[in-house]
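A.B. asks: Listed here are the chains, written in short residue letters.
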Amino acid sequence: ETGVTQTPRHLVMGMTNKKSLKCEQHLGHNAMYWYKQSAKKPLELMFVYNFKEQTENNSVPSRFSPECPNSSHLFLHLHTLQPEDSALYLCASSRGGERETQYFGPGTRLLVL
Amino acid sequence: AQTVTQSQPEMSVQEAETVTLSCTYDTSESDYYLFWYKQPPSRQMILVIRQEAYKQQNATENRFSVNFQKAAKSFSLKISDSQLGDAAMYFCAYRSRQGGSEKLVFGKGTKLTVNP
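Protein chains in written order, with the working numbering: chain C, 1 to 113; chain D, 1001 to 1116.
Honestly, I wouldn't trust all of these hints.
[Claimed, not checked] Simulated pairs of lysine to aspartate or glutamate, EDC-like, Cα-Cα distance not exceeding 16 Å:
| hint | chain 1 | residue 1 | chain 2 | residue 2 |
| --- | --- | --- | --- | --- |
| 1 | D | K1073 | D | E1029 |
| 2 | D | K1103 | C | E100 |
| 3 | C | K52 | C | E24 |
| 4 | D | K1108 | C | E24 |
| 5 | D | K1103 | C | E44 |
| 6 | C | K40 | D | E1010 |
| 7 | D | K1103 | D | E1029 |
| 8 | D | K1103 | C | E24 |
| 9 | C | K41 | D | E1010 |
Think of the hints as simulated: they come from the structure by calculation, not from any bench.
Build out the structure end to end from the sequences listed, making use of the hints.
C.D. replies: Written out as structure tokens, the structure reads:
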């Protein structure tokens, strides 16, 4: 599937580094999401954007900073992360609204050393 | 807050056989959506099937069907004629219809192995 793409697919960073994750959707959707998937834990919603406006922030630490310049692109800027932030970060998109199905990207596997 | 529980961390099935994955959820709401997502080893999450709580009829998609028991808050997934490509993590998810929330609440997942 190429509807939702994410780069990079793998990332290793130190705790003092600054990096960004990128998500792009080619489905004409209006809503985009960031999820965190840790081992042995359910997926956790981090942020929701509708028409470029952030509509949900699920109590995410400020070391994670999302950016949505347009409905097709979503970024997650990372700085001064902790080892416990190591996880798979999944991006998703949908047409927006409660009835709409979310389509997921392949994820970025992040390791914080 | 809503919670989703998948009590089977791992399941296995023989190719061509049928397997049922369990999911229960807790909510005080009467109207909501339920989903099953599949995440193969390549990691891209794919929607398998979706159920709207106000619909009594169980959803079906080809070899995949659900047994939705609203009173029991149970939402199991049945995979018939299992294929090797069905091997994946399967996640049950809940979505509220209240307040315009787009939040999906996921269970921890069930790892399905298909044996040839």
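A.B. asks: Taking 16 Å as the top limit, are the C-alpha atoms of K1108 of chain D and E24 of chain C close enough?
C.D. replies: violated, 26 Å
A.B. asks: Hey, K1103 of chain D versus E100 of chain C, does the alpha-carbon distance stay inside 16 Å?
C.D. replies: Roughly 12 Å between the alpha carbons, so the hint for K1103 of chain D and E100 of chain C holds.
A.B. asks: Assess, step by step, whether the Cα of K40 of chain C is no farther than 16 Å from the Cα of E1010 of chain D, and give holds or violated.
C.D. replies: holds, 12 Å
A.B. asks: Between K1103 of chain D and E44 of chain C, is the straight-line Cα distance small enough, at 16 Å or below?
C.D. replies: Judged against 16 Å, a Cα distance of about 9 Å means the pair holds.
A.B. asks: For a C-alpha distance cap of 16 Å, please report whether K52 of chain C and E24 of chain C respect it.
C.D. replies: holds, 13 Å
A.B. asks: Can the restraint linking K1073 of chain D and E1029 of chain D be considered satisfied, given a maximum Cα separation of 16 Å?
C.D. replies: holds, 11 Å
A.B. asks: Compare the distance between the alpha carbons of K41 of chain C and E1010 of chain D with 16 Å, and conclude whether the hinted pair is satisfied.
C.D. replies: holds, 14 Å
A.B. asks: Does the structure keep K1103 of chain D and E1029 of chain D at a Cα separation of 16 Å or less?
C.D. replies: holds, 14 Å
A.B. asks: For the pair we were handed, K1103 of chain D and E24 of chain C, check the Cα-Cα distance against 16 Å.
C.D. replies: violated, 20 Å
When the structure is compared with the earlier hints, violations turn up for hints 4 and 8 and for no others.
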